[in-house]
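Each chain is listed here by its residues.
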Amino acid sequence: MDTIMLLGVIFFAVIAGLLGSLLGLGGGVIIIPALTLVFGVSMQEAIGASLIAVIASSTGSASYYVEQGLTNIRLAMVLETATTFGAVIGALVSVYTNQYVLALAFGALLLYSSFYMLRRPENICTSPAACGPLDLSCSYMDQGSQQRVEYGVKNLGKGLVASVGAGGTAGLLGVGGGIIKVPVMNLWMGVPMRAACATSNFMIGVTALAGAIVYYEFGEINPTLAAVVAVGAFIGAAIGTRTSHRFDVGNLKRIFAVVMIGVAILMFLKAAGVVA
Amino acid sequence: MVLSLSMMAIGLLWNMISPSSTNVTMGPWQAVQAMLNGDPIGLIDLGIMLLIATPLIRILVALATFIKGKEWKFVAVSLIVLLVITMAILVKA
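Residue numbers (my numbering), protein chains in the order written: chain A, -10 to 265; chain B, 59 to 151.
Be a bit skeptical, because a hint or two may be false.
Claimed, not checked - Stretch by stretch, here's where chain B covers chain A in the computed footprint (C-beta under 8 angstroms, at least three residues):
no., segment
1, 71 to 79
2, 85 to 97
3, 140 to 147
4, 214 to 224
Since the hints were made in silico from the structure, they are not lab data. Ideal Cβ placement from N, Cα and C applies to all residues, glycine included.
Can you build the whole structure from these sequences, using the hints too?
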């Protein structure tokens, strides 16, 4: 990899890590399109590198959010049973799939998610009563408004099913799955946006772990590429976590949705062979 | 963890200075041998493997916390996650 490409990849990786940690994603949303569209890397290689980067950026911000009390670790672990399972299956499928099909799937995923996010208002479950056999209610101190926020978690069954899908997508397309997890937690399960993002951040590292193991076993990881992306993403994520409280929730969602729509269009172009 | 990323960063710089002829991922033992043979990819691979292990450590820490707090339902949950991860490692076998 020559120096120019190296610098370019680092740049995108840092941006990806930054936006990723702010929105509860692993940055794969940005890294994969960047690698495939800008640098002409194959989907499988991009996915492999992205999974590694997802772990890096998740690690970069997870401990900070946990310290802040934003992460709902119990919820994360419960959902992770489903996501890791989905991720292994997804990764196995992806290794054997044509990359244009993957690009198409990626674009479709982004489009769906962005519209979903733009449509519904935030839905907080305000009574922290135990729902079902597991009490996943949690609370945190919101830095922006300096108020204690308490919430309960509902629709766990739906959340688990969605999590298998999120994991499958992560394994298949190299994203952290945050694209699905954050809306699912926020809109279906009643978790406030900031907590959803922090919890998702915690989870995506584990999900990517499952996918990355499969990719590594099948030799689909390009070490230098993965290393460059990982280092960049980590730096971006580290910056993002420490500045996240300066951004308000509404803007967070809008950025999320806009990023996804733009990238979706590009991926469709790639799948159609219009863009290399 | 910072260690794995430092390993990768150093490996990358090393590779820029004296490029390796290979660019593949290898198992832990081969990576150590490669590194000792002067191949920077070995170091990078080790860094990657270490990075991959990081979330695993996170799960183990959570598991330990649940055991200490006697939250047996969540202990079970954590064990299920570990089981899936183990399956992932064994999938190629």
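Verification of the supplied hints:
With 4 residues carrying a beta carbon less than 8 angstroms from a beta carbon of chain B, the segment 71 to 79 of chain A meets the three-residue requirement, and the given coverage holds. By the rule of at least three residues with a Cβ nearer than 8 angstroms to a Cβ of chain B, the coverage given for the segment 85 to 97 of chain A is violated, with 0 such residues. Note: the segment 140 to 147 of chain A has 0 residues with beta-carbon separation from chain B under 8 angstroms; the three-residue rule is not met and the coverage is violated. Only when three residues or more bring their CB closer than 8 angstroms to a CB of chain B does the claim for the segment 214 to 224 of chain A stand; here the count is 6, and the claim holds.
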